[in-house]
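Q: Chain by chain, the residues:
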Amino acid sequence: MAVLTYREALNLALREEMRRDPRVFVIGEEVGLYEGAYKVTQGLLKEFGAQRVVDTPIAESGFTGVGIGAAMVGLRPVVEMMTFNFALVAVDQIVNTAAKIHYMSGGQYRVPLVIRGPGGPAAQLGAQHSQSMESYFYHVPGLKVVRPTTPMDAKGLLKAAIRDDNPVIFIESETLYNVKGEVPEDPEFLIPLGRAIVRREGTDVTLVAYMGMMYRAMEVAEELAPEGISIELVDPRTLRPMDAETIIGSVRKTHRAVVVEAGAGFAGMGSEIASFITERAFDDLDAPVERVTGANAPMPYARNLERLKTPSKEKIAAAVRRVCGTNGG
Amino acid sequence: MPRTLLEPRFQVEHLSILDSEGTLDTALEPKLAPDELRALWRAMLLGRRLDERMVRLQRQGRIGTFAPLKGQEASQIGSVAALRTTDWMVPSFRETAAMIWRGWPIERLLLFFAGYLEGGQPAPAQHDLPVTIPVATQLPHAVGLAYAAQYRGDDAVVMVYFGDGATSEGDFHEALNFAGVWQVPVVFVCQNNQWAISVPLKKQTHSRTLAQKAHAYGVPGLQVDGNDVLAVRVAAGEAVARARAGQGPTLLECITYRLGVHTTADDPTKYRSEEEVAAWERKDPLTRFRAYLEGRGLLEAGLEETLDAEIAEAVRRFEATPPADALAMFDHVYAEPPAHLVAQREELARRLAANPAAPPADSDAVPPDATPMRGQRLTRR
Ligand SMILES: Cc1ncc(C[n+]2csc(CCOP(=O)(O)OP(=O)(O)O)c2C)c(N)n1
Ligand SMILES: [Mg+2]
Chain H
1 MAVLTYREAL NLALREEMRR DPRVFVIGEE VGLYEGAYKV TQGLLKEFGA
51 QRVVDTPIAE SGFTGVGIGA AMVGLRPVVE MMTFNFALVA VDQIVNTAAK
101 IHYMSGGQYR VPLVIRGPGG PAAQLGAQHS QSMESYFYHV PGLKVVRPTT
151 PMDAKGLLKA AIRDDNPVIF IESETLYNVK GEVPEDPEFL IPLGRAIVRR
201 EGTDVTLVAY MGMMYRAMEV AEELAPEGIS IELVDPRTLR PMDAETIIGS
251 VRKTHRAVVV EAGAGFAGMG SEIASFITER AFDDLDAPVE RVTGANAPMP
301 YARNLERLKT PSKEKIAAAV RRVCGTNGG
Chain R
1 MPRTLLEPRF QVEHLSILDS EGTLDTALEP KLAPDELRAL WRAMLLGRRL
51 DERMVRLQRQ GRIGTFAPLK GQEASQIGSV AALRTTDWMV PSFRETAAMI
101 WRGWPIERLL LFFAGYLEGG QPAPAQHDLP VTIPVATQLP HAVGLAYAAQ
151 YRGDDAVVMV YFGDGATSEG DFHEALNFAG VWQVPVVFVC QNNQWAISVP
201 LKKQTHSRTL AQKAHAYGVP GLQVDGNDVL AVRVAAGEAV ARARAGQGPT
251 LLECITYRLG VHTTADDPTK YRSEEEVAAW ERKDPLTRFR AYLEGRGLLE
301 AGLEETLDAE IAEAVRRFEA TPPADALAMF DHVYAEPPAH LVAQREELAR
351 RLAANPAAPP ADSDAVPPDA TPMRGQRLTR R
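Those sequence lines, one after another, are chains H and R. Going left to right, the first sequence walks through residues 1 to 329 as the numbering used here numbers them. Going left to right, the second sequence walks through residues 1 to 381 as the numbering used here numbers them.
The shape of chain R in the complex, shown without the other chains:
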């Protein structure tokens, strides 16, 4: 018996439409309405401006640790724009731009990063899960959401975000496998930003691409230029349409780069070169899309100022919010308050009432010489 080659033979496509030199593949260029193009641009620019503002707010101690997305705007907005509001969006911890697209108010995100519990609360009708911190754990949840959609017979699609590092976690593989077996409507969006904190992709996997990992599970996997919003929009649109038509899940690997710090507690100069960062800055997703829109006469004058004013207004509202209610600590531990939490809540309320000038929860919070995590700053309140 000879050795035979089995079908299918796996091939991984890479999709690019508008490259970093501004070259446009007109055959692949999507026919998006001018309003949609303007909306994509607005969201990417807002994502960038807010990101830069939030890093400054963190440096000033006005919000806590935060994971910037600078450089990943096209991956996020190009993909999330393919969803309907009735679809589900499942973020990791770096999807600020995509979350704003989905309707999270800016000040709620600021509240979240300042430690307010209500900051993690999506609006009741919003089909978004809250931020996920444990890497890759959100992927099985997304499959659960998609299973529920299939169960109920509705046509919602689920889009879930994660990084290159997350593809090493068991939950990534388990989720892809389940989605493949059950053919549920999930789009897995991997933002391959080349780094997982200080670990480069080549130490994360020996695979040539991350997209090909899907093939092992019988799921289509496609690589796309994640700094090309047109390419991401096209690939995500196709994946969402396939999912909605009952043709199952897709993995999209968006090749992008984290231009900033991993989180505000990180110093990337310790592990990557300035040349590498500079090379990716030349591939900035905003630069090429701005040039494209300019060429089509779709750039709005004064948009930066409008967005900055919107951000400033949100920061003002956020900072006008009174400090978090200490007693909220006990809310929502369970769907209904159990007796022991009612008792603990009353006990704290009594302590606070007895000593309103120096709330004990405040003065006891941190031992005087606790060492912060590297780069960490405490919030002022």
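Isolated chain H (complex conformation):
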């Protein structure tokens, strides 16, 4: 094990996969000379050259489409979005082509494409740069969606995404790039897409969270332990395919569930997870499933407002206490 930052873990994943497979290349704005807006592609241009680390004109739809075309004929592009918010101008390419061409070509053309970059609330990036967009893509058949919380997940999941034969939406976070953690050095260390992880075992309530919200949930679990509330923390890691089994298994044990998401709620990941828990484990529940989501407003720029918009520890703890105070009524 090495201790790496989340950013270094992503960089290492790219580097290892590019060394292993000459079909893998990186394409996007500022990924070459500038080494990425968040420096995830540091050193790649030097090692792999301009054909495999491609600086593009500013045209997200265009370079996503180029990635799709190259993927259809057997290359394995990794498209970088400077932030995922900019993927909005490439949504047609992602939804109407990347997600559909395998289906519409009767299985003839695969699209082994990764689209990666940071997304979700960050530090004062404003309304147009802070959106949690996983549920937009989660909605679309044909796409896989990954949200890696730790440096280990970042590496293992990015490598698995690059080796996957489907288009994978891989959303990182500005707030996590400097987080440090243990990362296996084995270049064959992969985390299969579609496997959740129980980050902390508990007996009283299942708390489902990922990315920054998972770190917040860990603190809540720590802080509520002295009150005698034992929280089980489950991180889906991959949203599509979702490892519902692990989440349901945990709920069957704890009989209570709280789902946290940083986004604005309303047909968000929380709605989806809460609904399948209710559909599949209703009889096991001792309390209604609670969702804790961000306020349903665009992200404010002002520091104090920004902090209030995203779910706080207090809000998460309050939901946990409410759920634990209900006893099967």
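Think of the hints as simulated: they come from the structure by calculation, not from any bench. Note that the Cβ used here is the ideal one computed from N, Cα and C, for glycine as well. Please note that a few of the clues may not be correct.
[Unchecked claim] Pairwise CB distance ranges, derived in the manner of DEER restraints:
#1 241(R) <-> 1(H): 54 to 64 Å
#2 337(R) <-> 21(H): 23 to 33 Å
#3 329(R) <-> 189(H): 30 to 40 Å
#4 320(R) <-> 19(H): 45 to 55 Å
#5 245(H) <-> 329(R): 22 to 32 Å
We have chain H; now place chain R with the ligands onto it with these hints.
A: Here is chain R with the ligands on its own, set in the frame of chain H:
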């Protein structure tokens, strides 16, 4: 400091070799082998006969909505004929004739327009992408294919088709720009058929030509008489040769006309005059090429009948195909079937097995009073 004129000054060429009066510019006439000339004619005629047959099949509810190409045969066949089988062809939604040239079996195209998923499937060795519906989205894909060719160091060229309306989409400009910056081997074939559904070219752009749009990206742009198969063949041949030699992309604007409906759901009498259509009928690409071949003694007797028989045979095979397998709905959503789709597939299979006489998927498909799109007819199966 004076105002100075910068080089290069842009000029747009228009190429015409065999005009609508049958006048031939012998200095520009390409030296094509008789067999190639016969093949071009056969493909254009097949394109026309099949097109007319498909419109009738749609009217009878035997296939679904379909975009006819009548009038655009020379643009399609003159260009696609410049490709090798190892080159790549990227169609929009109106390239039936060009697709047949590339080896798509007629019945597969019929299956496609009747809604069978396997209809969209090119043969494994075929270097063609499937039909694209969202306008202009295929242009960046073509650049991606060309980037891949350059990446691998092979000498494949990519030819991508689109209409005049598509040149207003961002993807057109992004793709031309990328191709120019990277100097990848793509030939952009714009079939300027004067209309984008009911929107005439003058409402689409204030540019005098579409070819000149390439110049803004440092890419050669050439206008060609798109109803003159010889001119299109020459221009496409030059563009393909340049691309293959590593000299980058070209935009070809083929001036042509859609003689028929936009799609079978359209009624063009609502937006264009009979005189306009009649004027373009006099410039029909088949008429002048037939006269040219006749003059050279290259017309085969009975070709119409042979092609009609070929089409009839394909229609027969198509109609003998059993209805689409309902469970195929779940195939190919992902490269491997995820658990939730396996479960949904099993659930539908159970429902179908429980009630084989009135398959639920069939009876539930359309609410009883759903309004069809204007001109739309549903297929019978
Ligand atoms: C992105 C997108 N917008 C709109 C449409 C609807 N539409 C289909 S064909 C068409 C006109 C296209 O005109 P043109 O590019 O000239 O091609 P033509 O139909 O004349 O061959 C439109 C607007 C679409 N399919 N995709
Ligand atoms: Mg048009």
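Q: Please go over all the hints and tell whether each is borne out by the structure.
A: Status of each hint after checking the structure:
1. 241(R) <-> 1(H): 54 to 64 Å: Holds: the Cβ-Cβ distance is about 57 Å, inside 54 to 64 Å.
2. 337(R) <-> 21(H): 23 to 33 Å: 25 Å, holds
3. 329(R) <-> 189(H): 30 to 40 Å: 37 Å, holds
4. 320(R) <-> 19(H): 45 to 55 Å: Holds, since residue 320(R) and residue 19(H) (Cβ atoms, about 53 Å apart) stay within the stated range.
5. 245(H) <-> 329(R): 22 to 32 Å: 25 Å, holds
Hint violations for this structure: none, all hints satisfied.
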